[in-house]
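Q: Sequence order for the protein chains is A and B. The numbering of the first sequence is the numbering used here, which starts it at 1 and goes up by one. The numbering of the second sequence is the numbering used here, which starts it at 611 and goes up by one.
Hints are computed from structural coordinates only; laboratory data are not their basis. Careful, some of the hints might be misleading.
Unchecked claim - Once the Cα atoms are required to be at most 30 Å apart in a straight line, the calculated DSS-like pairs of lysine-lysine come out as:
no.	chain 1	residue 1	chain 2	residue 2
1	B	Lys650	A	Lys438
2	A	Lys333	B	Lys657
3	B	Lys621	A	Lys95
4	A	Lys438	A	Lys333
5	A	Lys426	A	Lys436
6	A	Lys426	A	Lys240
7	B	Lys612	A	Lys15
8	B	Lys756	A	Lys15
Said to hold, decoys possible - Just so you have them, the derived chain A footprint on chain B, three or more residues with Cβ under 8 Å:
no.	segment
9	640-648
10	686-699
11	759-771
Ideal Cβ positions, reconstructed from N, Cα and C, are used throughout, including at glycine.
Residue strings, one per chain:
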Amino acid sequence: MDDRTLDLLLSRVEKPARYIGSEWNMERKEVFDFRFALCFPDVYEIGMSHLGSRILYRVLNDMDGVYCERCFAPWTDMEQALREMREPLFTLETKSPLKAFDIVGFSLLYEMCYTNVLTMLDLSDIPFLAAERDESYPLIVAGGPCTCNAEPIADLMDAILLGDGEELEPELVNCVRKAKADGVSKRELLLRLAAIEGVYVPSLYRPVYENGRYVKTERLHERAPLHPVRRVVRDLDSAKYIGRQLVPHIQIVHDRVAVEVMRGCTRGCRFCQAGYIYRPVRERKMETLLEQTRELVRCTGYDEVSLLSLSTGDYSELHTLLPRIIDDMAENKVSVSLPSLRIDSLLKDDLEKMQTVRKGGLTFAPEAGTQRMRDVINKNVTEDDLLRAVTDAFTAGWCGVKLYFMIGLPTETDEDIVGIAALAKKVSDCFYRLPKDKRGMGFRVTVSVSTFVPKPWTAFQWCAQDRQEEIVRKQQLLKAALKGVRGAELHCHPSVLSVLEAVFSRGDRRLTNVLIDAYRNGCRFDSWAEHFKPDAWEKAFSANGLTMDAYAHREREIGEPLPWETVDALVKESYLRREWARAQEACTTKDCRQGCNGCFGEHCEDYCRV
Amino acid sequence: MKIIAAFEKTKELCYTSHLDVQRTLQRAFRRANLPLAFSKGFNPHPKLSFATALATGYTSDGEWIEVGLDRPMTPDTFLETVNAAMPVGMRFVRAFEADDSMETLSKLLVAARYEITLYTDAPVSLETLKDAIGALMDSDEVIVEKKTKSGVKPSNIRPEILEAKAVSASGGIAVAAVVGTLTAAGGLRAETFARALFLRLGLVGRFTAHRTALCFAGSDLLPRLA
Numbered sequence: 001m002d003d004r005t006l007d008l009l010l011s012r013v014e015k016p017a018r019y020i021g022s023e024w025n026m027e028r029k030e031v032f033d034f035r036f037a038l039c040f041p042d043v044y045e046i047g048m049s050h051l052g053s054r055i056l057y058r059v060l061n062d063m064d065g066v067y068c069e070r071c072f073a074p075w076t077d078m079e080q081a082l083r084e085m086r087e088p089l090f091t092l093e094t095k096s097p098l099k100a101f102d103i104v105g106f107s108l109l110y111e112m113c114y115t116n117v118l119t120m121l122d123l124s125d126i127p128f129l130a131a132e133r134d135e136s137y138p139l140i141v142a143g144g145p146c147t148c149n150a151e152p153i154a155d156l157m158d159a160i161l162l163g164d165g166e167e168l169e170p171e172l173v174n175c176v177r178k179a180k181a182d183g184v185s186k187r188e189l190l191l192r193l194a195a196i197e198g199v200y201v202p203s204l205y206r207p208v209y210e211n212g213r214y215v216k217t218e219r220l221h222e223r224a225p226l227h228p229v230r231r232v233v234r235d236l237d238s239a240k241y242i243g244r245q246l247v248p249h250i251q252i253v254h255d256r257v258a259v260e261v262m263r264g265c266t267r268g269c270r271f272c273q274a275g276y277i278y279r280p281v282r283e284r285k286m287e288t289l290l291e292q293t294r295e296l297v298r299c300t301g302y303d304e305v306s307l308l309s310l311s312t313g314d315y316s317e318l319h320t321l322l323p324r325i326i327d328d329m330a331e332n333k334v335s336v337s338l339p340s341l342r343i344d345s346l347l348k349d350d351l352e353k354m355q356t357v358r359k360g361g362l363t364f365a366p367e368a369g370t371q372r373m374r375d376v377i378n379k380n381v382t383e384d385d386l387l388r389a390v391t392d393a394f395t396a397g398w399c400g401v402k403l404y405f406m407i408g409l410p411t412e413t414d415e416d417i418v419g420i421a422a423l424a425k426k427v428s429d430c431f432y433r434l435p436k437d438k439r440g441m442g443f444r445v446t447v448s449v450s451t452f453v454p455k456p457w458t459a460f461q462w463c464a465q466d467r468q469e470e471i472v473r474k475q476q477l478l479k480a481a482l483k484g485v486r487g488a489e490l491h492c493h494p495s496v497l498s499v500l501e502a503v504f505s506r507g508d509r510r511l512t513n514v515l516i517d518a519y520r521n522g523c524r525f526d527s528w529a530e531h532f533k534p535d536a537w538e539k540a541f542s543a544n545g546l547t548m549d550a551y552a553h554r555e556r557e558i559g560e561p562l563p564w565e566t567v568d569a570l571v572k573e574s575y576l577r578r579e580w581a582r583a584q585e586a587c588t589t590k591d592c593r594q595g596c597n598g599c600f601g602e603h604c605e606d607y608c609r610v
Numbered sequence: 611m612k613i614i615a616a617f618e619k620t621k622e623l624c625y626t627s628h629l630d631v632q633r634t635l636q637r638a639f640r641r642a643n644l645p646l647a648f649s650k651g652f653n654p655h656p657k658l659s660f661a662t663a664l665a666t667g668y669t670s671d672g673e674w675i676e677v678g679l680d681r682p683m684t685p686d687t688f689l690e691t692v693n694a695a696m697p698v699g700m701r702f703v704r705a706f707e708a709d710d711s712m713e714t715l716s717k718l719l720v721a722a723r724y725e726i727t728l729y730t731d732a733p734v735s736l737e738t739l740k741d742a743i744g745a746l747m748d749s750d751e752v753i754v755e756k757k758t759k760s761g762v763k764p765s766n767i768r769p770e771i772l773e774a775k776a777v778s779a780s781g782g783i784a785v786a787a788v789v790g791t792l793t794a795a796g797g798l799r800a801e802t803f804a805r806a807l808f809l810r811l812g813l814v815g816r817f818t819a820h821r822t823a824l825c826f827a828g829s830d831l832l833p834r835l836a
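Only chain B is shown next, with the shape it has when bound in the complex (with noise of 0.2 Å):
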């Protein structure tokens, strides 16, 4: 059987790398003594795998993965057993049981939603930032500087924003959320999306990314789009 399961990561946890959280599942999941199962071959390793990875510095409420389990446990003992395994910063707050035919989750992904916070250079107020956001949904293009394999290239990202609006705005702090399409193959980032408004504001800053959920087709235990 396997269990499909979304855990939180919180306040400085952010800063660890999307392999930090896989060795930190696996750890964790041996303290909490949970039936794995493992893969076949001469290095056999635990049946987990991620919905998608999170970037290293980004926190949320939701990140979704599936493990393959050799005996059946119930979410609730899932949840209850992992979590005391689990370090400060990073708990899981939905299980599920599923069977083993269901769909992998990397390939139900569709979308992810996301808070994004900009600390600009100056004061921005709602309404500005309402219009830049405004604006940017209006384009039929937003052209952003985007790193590839080979070199800097000129990139389109609005097909990749589904929505986008303002949530507040006071001194030097904007808050927008955004939910961007977001599968297997890639999507919306939300660092490039930070910069396009940064750009229409005609600022500068620093920002974080919280990503408030994950959206999935096909399976109604998950969270949707919708």
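Bound-form chain A, shown alone (with noise of 0.2 Å):
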């Protein structure tokens, strides 16, 4: 794209510095023989600041001859302007059209940004379906969480990468680059590409529906794996990291260093659908996070620094890192941050020693609001912990804190929901139960409520979500129960999305029509409030004669095939069984630091050695 077309575009939107990359650390290249582009359906601000895509990013450009490129979503001004100018959507780079790319890859984060992939190929002159597209176009496959079930997408994409991608990316690359010296067709392609551990390629695979109902899924060629298996990273301390990470000029949702000190989460949550694809636990060396840090700090010039992981109060050197690296960053005025921090840890000292450098908000979540309900879920945290812990944080100078909540939980009952306006009150009460001295001024105690999503591969995969009125319902309940306390103030997360969410999340190939047909309806940006057109989705389901209320009210008998089990994501499903069992009894399964409970069967003893 020339200079002047460019100019032009960027003069009519309102964000044009979305678009214009020339970042610090943007790659450079002259020479190249291998174009990626790494694509993210959403807005800049908030691709950026996705870690998967900015290992990813470093991981391709290390390597000989590959030039990766990013492209985010544009935004609705810009999409308009592309169309009504006849441009094509193009990368931060080098300002290219996807087209000229040999692997345009995806990365999937949350359901609700379907429809945004399809935009980005559309702008692109790209057919949406695999099955049109041949040798001439890039290929497309799609990363990222949402693949452990990519039925609803799997249609689109030419492959589908499973799991951690440190390793699986590169030799993805290589595959795809030595398939175009030989000069093999798309279906040799394919095939070779199916035989890398983590690589599923749906059109090797065909679902049959009976009734309706998903029944089973066809494998056809014996080249391709019974069941494409998640692609795990065993030695995440020497694995790449993000390295030069590259700094915004606008401010992004994450403006900051990340390091991540550990993948996988020990703590066994049953509705975290993170909790169970990212297994098992693997865990950087301090001396490696300490260096990292110092490194990324270094090259970035950013003056905050987030350690990040599922559950980083859980990283078993924690106590001994922390201070350490707050002191190391302290010289440079750099405050550290943890994104997420445990309740039933020894948390004051460190609480102190973070603020002395700079004071960020404080989250809990509890994510029920009795321990019935805590126990169900197997968020193994007591009142007394959060009690303990917000006291500490007041006491050192806090005075707002943040909780969260789901609602729509399984075997939830209103009790449960009352429940979470009584823990607000007892919140407030350690508050203003301190002496005014000791104490801050202009306490909020913030309670964030969403609803519960069942998700695939968890303990819960079989449930019915609530219907809307009932979440409806459940939140005037909870509405009501607040009133009163001091301080409170309730947020709750739009139901209606969350209907959307569960659909996509245990769908099948059959969404693919809809989610086209709903494009085509104008949805875009789903998850943005201001553009979710709940209508123009109905419309795409009746018109391919699906209901969106049985994919996500109809609760899953246990031994039904499911669409998402034509992958392995390795957790087996007789353990998320035996965890439903358990769930239904309110009866707690110990964090597997204390234990294996044995979620990869057979394999338990390959993959984790916590």
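Grab the two chains, each in its own frame, and use the hints to assemble them into the complex.
A: Here it is as structure tokens:
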């Protein structure tokens, strides 16, 4: 794209800096023979905050002769400008159209971004369906957590990448590169790809439906594995990390250095898909982390570091690591933050340490209001843990705390909903019980409530989601119960969105046409409330003879064939069944650091060394 | 001590805002390992201030800043180390040392020079452009609608225009050079001048603005108005 055209496009949009690239640490390459477009189907500010994309940008650009460029979903104003000017969507690095790339890879972090994938293909003049693309088109692939059930978008993708990408992506690139050199057909390329551990080629499998229900998947070629297996990086400590992290010009959602302290989580919360699909837990060594933090800060100039993982509070050497990193960083006035805090730890010293640098927000996720409910979801924290932690925080000077909850959980009763308000009341009391001279001013306890979405590969994968009327009733009940709690503020996530999320997270391949119809009906950026068009979705479902209700609100029978079981996410179905049975009895399962719970079945020994 | 320096902002980087630029400079200074002086207080931040902000979308040959340092550093070293840490599209072009008693840049600022390019919907000849600018300069009043906090109001920008002349015109592209007042209290905006010129020409279109210089009074080291 020439400068004049780019200028014209940029002059027409609200936030032109989303599309300019040229950030510090952006890759500039003159010599390359293989082009990879790393695509994120949401806006720049969100996509640039994604840890996985940052890692892959490094992994791919460190390969000889490979140039990996970025592309994000254009906001609606840019989409309109591109259409009116008949220009294709372009990458940030060289402003090239996606069609010019060898591989176009999408990171799928949440189901509500699927329509944006279509926007990006459409604006690149690339047909949606894999079956309609010959060798002249780039290979279209997808990775990220959503691929643990990729069925709703399976027909769009040539290949789907399951699990960790650090080793998988270079193998993918090398395979495609060799196939191009060999001049083989797309069909042969797909068969070769299918042989790579972690690659799922949807066109080599055909789902079968009977009486409107999924019954089984037929394998169409003997060179395709029976069940493509999720890829796992065994040694995270020596795996590539972000290295020269990009430093955006505009403020992004997570605008700081990201240090991944570990991958996976041992807690076993039964609702949490990430907890299941990133197993086993793998920690980086403390020395590695100190080194990586120093390097990242040095080469970015950021003044804030975040120690990332699903549960950083569980990092085995946290109480040694945290003071060391804080001391290390204090000299240059760099602050350190933790994205999630474990309630049941001795936080006090760490909190005081962190406050000496800068005071960030404090969030806890009890997830449920009563002990019974927390036992059902295996969130092994007690009310005492929470109250002790917030009291510590309030004493250390914090005067605001955010509490995350879910409603609509399996076996939930009104007592559990009212319990959320009761817990918020106790937190509020903890603050006001402190003597006036020992506590801050302007106290806030923010109760943030989302709607439970049953997810594949979790103990709750068979559960029906509460219908919307029921969720709204429960939200009202909570609102009433929170009246009179000093400092309490309620935020509820819109429940309509959660229904669509539930549909797509446990969907099958019949949803591809629904998705395409919804896109044609104007659906874009569905996770943005201002863009979400429930009627357009409704129309798309009925045009295809399907209902959201059947996907979201139907309880699956144990043993019923499930569309996502074509792939193997490593966690065994028998283990999930066991967990579901225990959940119904409000019986907890221990953290697997305290002993193996056997989630990988016969593979426990191979994969897991906790 | 403090360093006074000017950077240029070119190409796509014009689309970053003043806040973005502040962050970008702070990070570049950290990468360059400058011995930054920090403000005191609970939330210390580097002592960095701008002569003025540059509107988003404008390019510039010289935006002036002052930055406090804890240890002395020669201007040449400053230019070398900082430029090695600046993103493509932003580069320091001048620097000198000043003692702490020097008045702040925003107080010394008096005017700014711009090159304004109009992309018009119909061709404009150099004569037409010259006439239009001449007519603007000869008027006692140049009224343009200005957005204020209390809504859109007609405003006379003539006193803010110090100089204006036609540079070139061919096809649908007309270029004017303008000098306008600019102080901490405000001054001529390239955007309002461009609108006044479009009005006078009886044409519509879009424009780009390039700031060629900031002009100061009271210091021989800084660019002056004359």
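Q: Next step is simple, just say for each hint if it's right about the structure.
A: A quick look at each hint next to the structure:
1. B/Lys650 <-> A/Lys438: With Cα atoms ~24 Å apart, B/Lys650 and A/Lys438 stay inside 30 Å; holds.
2. A/Lys333 <-> B/Lys657: Distance ~14 Å between A/Lys333 and B/Lys657 Cα, so the pair holds.
3. B/Lys621 <-> A/Lys95: Given pair B/Lys621, A/Lys95 holds - Cα atoms ~14 Å apart, limit 30 Å.
4. A/Lys438 <-> A/Lys333: Given that 30 Å is the threshold and the Cα spacing comes to 27 Å, the pair holds.
5. A/Lys426 <-> A/Lys436: holds, 18 Å
6. A/Lys426 <-> A/Lys240: It is violated: about 45 Å lies between the C-alpha atoms, which goes past 30 Å.
7. B/Lys612 <-> A/Lys15: violated, 34 Å
8. B/Lys756 <-> A/Lys15: Answer holds: B/Lys756 to A/Lys15 is near 22 Å, not above 30 Å.
9. 640-648: holds (count 3)
10. 686-699: With 4 residues close enough to chain A, the hint holds.
11. 759-771: Coverage by chain A is violated for the segment 759-771 of chain B (0 residues, Cβ < 8 Å).
In summary, the numbered hints that this structure violates are 6, 7 and 11.
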